[in-house]
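Q: Sequence:
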Amino acid sequence: MDILIIGLIVLITLLAGAYLMNQKKEEEVKAEEHKKMEEDSFFSESDTSTNTESEEKKEM
-18 MDILIIGLIV LITLLAGAYL MNQKKEEEVK AEEHKKMEED SFFSESDTST NTESEEKKEM
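In terms of this note's numbering, the sequence shown opens at residue -18 and continues consecutively.
Treat the hints as calculated values from the structure; they're not laboratory data. Note that the coordinates shown come from a computational prediction; the quantities given were computed from them, not determined experimentally. Hints are not guaranteed to be accurate.
Claimed, not checked - Below, in silico cross-link-like pairs of lysine-lysine (DSSO-like), each with a Cα-Cα straight-line distance of 30 Å or less:
id	residue 1	residue 2
1	Lys16	Lys5
2	Lys17	Lys6
3	Lys5	Lys17
4	Lys16	Lys6
Whenever a hint applies, use it, and build me the whole structure from the sequences.
A: Next up, the structure:
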């Protein structure tokens, strides 16, 4: 009977560990996606300013 209780405790501990590792991985993926979105928006803003500068040069 004692071995069943110990086995149940080990099983619950392993499941909790797997759940926490999964949560950590999801947070890392979200952080990478957020960083990528920021970089993409930065590049699109810089592209806009570059286009404006090239248009000004053409007008001269």
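Q: Please go over all the hints and tell whether each is borne out by the structure.
A: Here's how the hints hold up against the structure:
| no. | hint | result |
| --- | --- | --- |
| 1 | Lys16 - Lys5 | holds, 17 Å |
| 2 | Lys17 - Lys6 | holds, 17 Å |
| 3 | Lys5 - Lys17 | holds, 18 Å |
| 4 | Lys16 - Lys6 | holds, 15 Å |
In this structure, none of the earlier numbered hints is contradicted; all agree with it.
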